[in-house]
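Student: All chains should be modelled from the sequences, with the hints used to inform the complete structure.
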Amino acid sequence: MKFGVNTEIALTYLFSRKKQTIIAACGVMFGVSMFIFMQSLMKGTNDYFEKQSFATTAHIKVYNENKLADKHILENYYKDGSVKMITNPKMLLQNDGLLNPFGIIKNIKKNPNVTNITPQVSAMVIYNSGSVTLNGTMAGVDIIEEDKMFDMQTNMVEGDFKDLVKVNNGILIGKGIADKLGLHMGDNITVRSGKGASQVMHIVGIFATTIKQIDESKSYSNISQAQNILGKDRSYVTEIKINVKDYNTAPEIAHDIETITGYKAESWVQANEQIKAAFKIRAIILNSVIGVILLVAGFGIYNILNMTIYEKIKEIAILKAQGFTGPAVVSIFLQQAIYIGVLGAIVGLTFGYGITLMVSKIYIGAGTLKYLPMSFYVPHYVESVCFAVLTTVAAGYFPARKASKVDPVTIIRG
Amino acid sequence: MQKETALSAQNIVKYFHDPVDMKVLNGINLDVLKGEFVSIVGKSGCGKSTLLYVLSTMDTDYEGELIINGARATGKSLNDLARLRNESIGFVFQFHYLLPDFTCLKNVMIPALKLGKWSYKEVEERAYEKLKMFGVHEQALKKANKLSGGQQQRVAIARSLINDPAIVMGDEPTGNLDSKNTGIVFDLFQQLSKEYNQTIITVTHDEDFARRSDRIVEMADGSVIN
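Going down the list, the sequences are from chains A and B.
Using numbering that gives the first Met the number 0, you'd call the opening residue of the first sequence number 0 and step up by one each time.
Using numbering that gives the first Met the number 0, you'd call the opening residue of the second sequence number 0 and step up by one each time.
Since the hints were made in silico from the structure, they are not lab data.
Hints may contain errors.
To be verified - These stretches of chain A come out as covered by chain B in the derived footprint (C-beta under 8 Å, 3 or more residues): (1) 49 to 60; (2) 324 to 337.
Unchecked claim - Quick list of simulated restraints, FRET-style, between CB atoms: (3) A/V291 / B/L140: 42 to 48 Å; (4) B/E128 / A/N286: 57 to 63 Å; (5) A/D406 / B/A219: 26 to 32 Å.
Every residue gets a Cβ at the ideal spot worked out from N, C-alpha and C, and that includes glycine.
Tutor: This is the structure in structure tokens:
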């Protein structure tokens, strides 16, 4: 027993009122475990959706964007320094491919942050089987590079995506297309574009993502096939997809690429603003729920300490009569709050971990999502303890201060 | 032998404000010497307990001046006064006022642990000795609320003595004791004042108790009359 006398008194009070101590600690425990559970769920879900969005979106996409007519031609023509104005300017159609795409790729590859880079030919196409047609987009890709960036393998339902390399007129179609057109592995499918000729292609694989819209419209072919369908030459590339080491740096790198190439370089952040907004909204909802839980736990402690003080008011008066100073009394009651907080936090940590672990075993089974995504992220646990201790200190301080102001004379004289 | 003054109250005036303004102490002058055993007597409501609380430094809402051990107590901060009480004033209340969640031994030890002058072990030994002086050492490890009223009062007196205070104050310290225990307490107070030169100030209704002390201060209507 090597405690200070304040600590000893605080502990004795806690132990002599076990029930109340446990109830107060339970409040903190629920606060902490809910905090951990909610944060884990939120981070898990966010991580999942982020990963999911990278399953179809590259970190950076370079493409040619149609531009609004500007006055630079006018200025080249009339070099008189007059002010030129264009009323009602229209969008100008750019040659929708990239000029010298392989030069650009070579150039971008010099950037040490770039991990993967691959050209793509996107084509609006019409799938046709028998008398049924279906609109969609076909991506002419280097499938091996595509797999490195987007992990094609996990989405494959049937067949092997690598067969696309072996079969020149091969195609990978979404499961939705296969269902709607009644197609199976090894069947042929007719693909037409607005401009080019129609092509009969051989289905070498069927994939399914979690997004129905993609499954019902998207297909992958070799680049040359996409170029054929569009009636373009072998240097025609509509976009370049780039992955970088840290996707959080994508916006800055995209900006660099934009300045170097002069083409539009869109980072995933711009492309997925709705996902970012959803993250933010979820964060606000969950944080307010957590805030309320901790607030309630705080009120629990406040109440219990307040009651303790009413009950012990005579004892506080005695302690003060015996020479306990105001700060000593604050220390006695604040310590009780802190011990309740720490006890609740420790139990809450294990409880929170338990809930998270249990929930992470709940089977969802939608698309590639097998189990509820939960993250086990250490900072959440640290944060929850900090919040719990802060709340309990705040909740304990006011009753403690009240106790320290007890006037021994009025209490003892009655 | 010229004795030093342990406590000096000069022109103490105190009002009660609730429910109406009322003067309870009407310019009290009181000097108590070191080692003196003083009893304050008087009818109910004459202000003797009020005076004792002023002298104990717990009540700071008064006019006049209070000097304890040569140092001015009036005007000191509440925390300084708390430290002063801890070190040099032992207080026995009319009702025992032990902390019920603690053992008797702990109750006695707490003021000494607060003072921090002795090690835990020493405090424990001292507390046990004090309990033995009052014959309640066998109850040392019982919870305070398991004892009889008389035993509790004796524990409370033991507690007031744990820090060897210069001044021991009692508000009817024997009010709840039978004559045998009153005798024990009285003998002990006398021993403290004679042998250890500790000052004892008690408020009492017990005339017998008062008559046997060194000096009787009689009060009436907020003034010292004798």
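Student: Give a verdict on every hint.
Tutor: For each hint, the structure was consulted:
1. With a threshold of 8 Å between beta carbons, the proposed coverage of the segment 49 to 60 of chain A by chain B is violated, since 0 of its residues qualify and at least three are required.
2. Taking a C-beta to C-beta cut-off of 8 Å, the segment 324 to 337 of chain A contributes 4 residues in contact with chain B, enough for the three needed, and the coverage statement holds.
3. Remark: the range hint 42 to 48 Å for A/V291 to B/L140 is upheld by a beta-carbon distance near 46 Å.
4. Against the hinted window of 57 to 63 Å, the Cβ-Cβ separation of B/E128 and A/N286 comes to about 59 Å, which satisfies the hint.
5. Here the CB-CB span from A/D406 to B/A219 is close to 27 Å, well matched to the stated 26 to 32 Å.
In this structure, only the earlier hint numbered 1 is contradicted, and the remaining ones agree with it.
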